[in-house]
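Whole structure, please, built from the sequences with the hints as guidance.
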Amino acid sequence: MTQKKISALLAALLLAAPAVPLAQTESAYAASKLAAPTDVLLQPDRTVTWKAVENSSGYTVKVYDAADKLIAERHAGYGTTKYALSDLLLQNGTYYARVTALGNTYSYTNSDESARSNTLTVSVKMTLPAPAQPTLSGTGLVSWTAGTNNGYVLNVYHSPSNTLVGSKPLSKDAVSADVTGLIPALGLYYVKLIAKGDGTTMEDSPESTASGTQEIKPALRLTAPTTLELTEKRLATWSGVEGNNGYRVSVYQAGTQAVVGFLQAPKDSTQLDLSSLIHATGAYYIRVQTLGANNNSSDDSVQSAAKDYFIEPNLYVVPQDKLTLTTVTTDYAVHTDVQVADDAVLAELAADKTLHHLLVPVKADSADMSVQVQGKIAQQLLSNSALAKLRLNTVLGQLSIPVQEIADMAHDKGINLADHTVQFDLKQLAAARPSDYETVPLNIAVKLVDANKQETAVTDSSAYLTLTVPVPNAKASDMKSLSGVRLTETFEPVPTLFSVNTDGSISAELRYRGTATFAVKKKTVSFPDVLSSHYAKDSIESLAARSIIAGFEDGTFRPQQTVTRAQFAAMLVKALGIKEDTSAVSVFTDVAADKWYSSVVNTAFEAKLLTGRGNGIFAPEDLITAQEMATMVTTALRYAEFTKTLDEEQISNRLVTLANTTGMFAYARAPLALCIEEGILTGPTFNSFKATKPADRAMAADMLYRMLKTVNFIN
Numbered sequence: 001m002t003q004k005k006i007s008a009l010l011a012a013l014l015l016a017a018p019a020v021p022l023a024q025t026e027s028a029y030a031a032s033k034l035a036a037p038t039d040v041l042l043q044p045d046r047t048v049t050w051k052a053v054e055n056s057s058g059y060t061v062k063v064y065d066a067a068d069k070l071i072a073e074r075h076a077g078y079g080t081t082k083y084a085l086s087d088l089l090l091q092n093g094t095y096y097a098r099v100t101a102l103g104n105t106y107s108y109t110n111s112d113e114s115a116r117s118n119t120l121t122v123s124v125k126m127t128l129p130a131p132a133q134p135t136l137s138g139t140g141l142v143s144w145t146a147g148t149n150n151g152y153v154l155n156v157y158h159s160p161s162n163t164l165v166g167s168k169p170l171s172k173d174a175v176s177a178d179v180t181g182l183i184p185a186l187g188l189y190y191v192k193l194i195a196k197g198d199g200t201t202m203e204d205s206p207e208s209t210a211s212g213t214q215e216i217k218p219a220l221r222l223t224a225p226t227t228l229e230l231t232e233k234r235l236a237t238w239s240g241v242e243g244n245n246g247y248r249v250s251v252y253q254a255g256t257q258a259v260v261g262f263l264q265a266p267k268d269s270t271q272l273d274l275s276s277l278i279h280a281t282g283a284y285y286i287r288v289q290t291l292g293a294n295n296n297s298s299d300d301s302v303q304s305a306a307k308d309y310f311i312e313p314n315l316y317v318v319p320q321d322k323l324t325l326t327t328v329t330t331d332y333a334v335h336t337d338v339q340v341a342d343d344a345v346l347a348e349l350a351a352d353k354t355l356h357h358l359l360v361p362v363k364a365d366s367a368d369m370s371v372q373v374q375g376k377i378a379q380q381l382l383s384n385s386a387l388a389k390l391r392l393n394t395v396l397g398q399l400s401i402p403v404q405e406i407a408d409m410a411h412d413k414g415i416n417l418a419d420h421t422v423q424f425d426l427k428q429l430a431a432a433r434p435s436d437y438e439t440v441p442l443n444i445a446v447k448l449v450d451a452n453k454q455e456t457a458v459t460d461s462s463a464y465l466t467l468t469v470p471v472p473n474a475k476a477s478d479m480k481s482l483s484g485v486r487l488t489e490t491f492e493p494v495p496t497l498f499s500v501n502t503d504g505s506i507s508a509e510l511r512y513r514g515t516a517t518f519a520v521k522k523k524t525v526s527f528p529d530v531l532s533s534h535y536a537k538d539s540i541e542s543l544a545a546r547s548i549i550a551g552f553e554d555g556t557f558r559p560q561q562t563v564t565r566a567q568f569a570a571m572l573v574k575a576l577g578i579k580e581d582t583s584a585v586s587v588f589t590d591v592a593a594d595k596w597y598s599s600v601v602n603t604a605f606e607a608k609l610l611t612g613r614g615n616g617i618f619a620p621e622d623l624i625t626a627q628e629m630a631t632m633v634t635t636a637l638r639y640a641e642f643t644k645t646l647d648e649e650q651i652s653n654r655l656v657t658l659a660n661t662t663g664m665f666a667y668a669r670a671p672l673a674l675c676i677e678e679g680i681l682t683g684p685t686f687n688s689f690k691a692t693k694p695a696d697r698a699m700a701a702d703m704l705y706r707m708l709k710t711v712n713f714i715n
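The sequence shown begins at 1 in the numbering used here and counts up by one.
Honestly, the hints are just simulated from the structure, not real lab data. Any given hint could turn out to be false.
[As the list claims (entries may be wrong)] What follows is a list of derived Cβ distance ranges for each label pair:
no. : residue 1 : residue 2 : range
1   : A351      : F665      : 52 to 62 angstroms
2   : D337      : A432      : 15 to 25 angstroms
3   : T135      : Q303      : 26 to 36 angstroms
4   : D273      : L164      : 34 to 44 angstroms
5   : E489      : D538      : 45 to 55 angstroms
6   : F262      : V165      : 38 to 48 angstroms
7   : T490      : V328      : 32 to 42 angstroms
8   : A584      : T692      : 22 to 32 angstroms
9   : D268      : L325      : 30 to 40 angstroms
10  : E621      : K353      : 48 to 58 angstroms
[Stated by the list, open to error] In silico PhoX-like links for lysine-lysine, alpha-carbon gap of 20 angstroms or less:
no. : residue 1 : residue 2
11  : K523      : K480
12  : K51       : K33
13  : K168      : K217
14  : K307      : K353
15  : K427      : K447
16  : K579      : K608
17  : K363      : K307
18  : K376      : K389
19  : K413      : K447
20  : K447      : K376
21  : K595      : K579
22  : K376      : K353
23  : K453      : K376
24  : K363      : K427
This one's a predicted model, so the numbers in the text were calculated from it and none came from an experiment. The beta-carbon is built from N, C-alpha and C at its ideal position, and this holds for glycine as well.
Put into structure tokens, the structure is as follows:
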């Protein structure tokens, strides 16, 4: 067949055949997705294991914490079924892992992540590796390459002695430090570093390799501040030091030298408010350190002068610049006059009505002084508050007087207080000091002085005044045998409370009415018939040491002996420190002027400590009953300015606790209830109480002692 015929035949066949689409090109093989690894486990040795996946070219290991946070991702090579994670699991915590099989991207693609493994809780401590060798320059600058750390300790050694001369803690991730502040003197030195751990998962590293040795000069230390001062406003001031980076102010209690606290002042400051540290009455001083920026801080300065602070509400302390002191010296004595600048002080008191206590701090070492306060200042204080007080703080003692007492004294004498000066005279009488006295007798006098220097003495008061004096040679163990006294031809006891100061010294707070000469004496008393087991032993000995009660000539006390009404009246007068009025005319027909008890009964009556039995009778030599004693003790509480009362329900609730109320009179109900309430009638005196039974000397001593403690008149 010819070529022409063949071509025609093919064309005819193609035209007659149905159309067939062209075939698309495709690969000979499709890539397969690998199966996810199985049996993924975190092992106790901090490795992860899994079952191999066929055709995998490697694996991706991901580590998560308990909060599902990805911690790290690592690649494991072909054929691997285990991977160490010890460099990742350094911190304590709980972890799990997932593993992905890796394909070759042609025949096999990556698998999905495996299911999460088991969890592994890590609780370990590791020792940090030593830091890299530090570099030390001749200027004292150290540098190093940071490693794992929670801070550093930089140790400086002397060469060739290899003596550690200083260490310096450094912050986390520090890479340099200056050691000149640690260098004691010019010489050769080298350094080593320790990386600090966190104390839980990381232990401190060993020391690094030593740096090279360099000759280094010590840093030039800054000087300490001078001219330190504490001001009235509780400000610390000092002289500035050039090159400072701030100051550290240390506050101390004077006397004990105890540290109160520290505050830091900013750079270039020369004063600092210390009110956050000085917030209690006392004496304080400061030291100030200059802080450097290059480990060259100064030593602490010398201490400032001590400053007394009186930090109380409603108190105005007269500043020293508002006091005028005039001292006159003669051949016999040194006398100091102190005057308050009335106009300046008056203006401040008028501007702040909350101020009603005025304190005059007298800084004069004189055994004889007069302090003068204008009457118009006293009136302004009283205008600010009826509770106003005038107080003096001197080397001889501290005096406190209610201003209302001064106003009443002036009124009683027909004096216009505003036109007068209130003058307080304090004078030690060394020649009058008996050998058994612990302090030099101190005379206190109050006068109202007019413009012509005419003086009107004030000798009486209706309220207790307070005098606090130091007892120089006393110890805390002496307080039971110490007592405050008013000097007369002999002496009379006055209520006194002793306290131990922060420096261990003893102070005596004497409470008295009127003016007089006062001192502290020492007396130790014991009685052979008051056994150590006796319930009233402490009460008896305490009152006897204060001469409130006494024993008999044979040295006994006779605690079971009964007490007369006159005897108990005498005890009350002494316990309360009341001056005996020997001139008073008796209101009782049975209290004869020639009886020993005449003046004490009359004095007690004037003080409203007792009443009679009607018809002008007191019955001084009758035995006092338990209910009469309780009644007189309660009147003594009132005299001592104790104001608490009980309502009828409270009275009934207290009296029902008594086992025996037979014979109790109505007048005794409230006094007895108050004595029970305040613990004055307690113990054996309470348990054996019978209203009409005569009281004995032990009961009298115990109730008197407890009454005095109730009003803080005795320790």
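| field | Unmet hints by their number, sorted upward, for this structure | value | 3, 5, 6, 14
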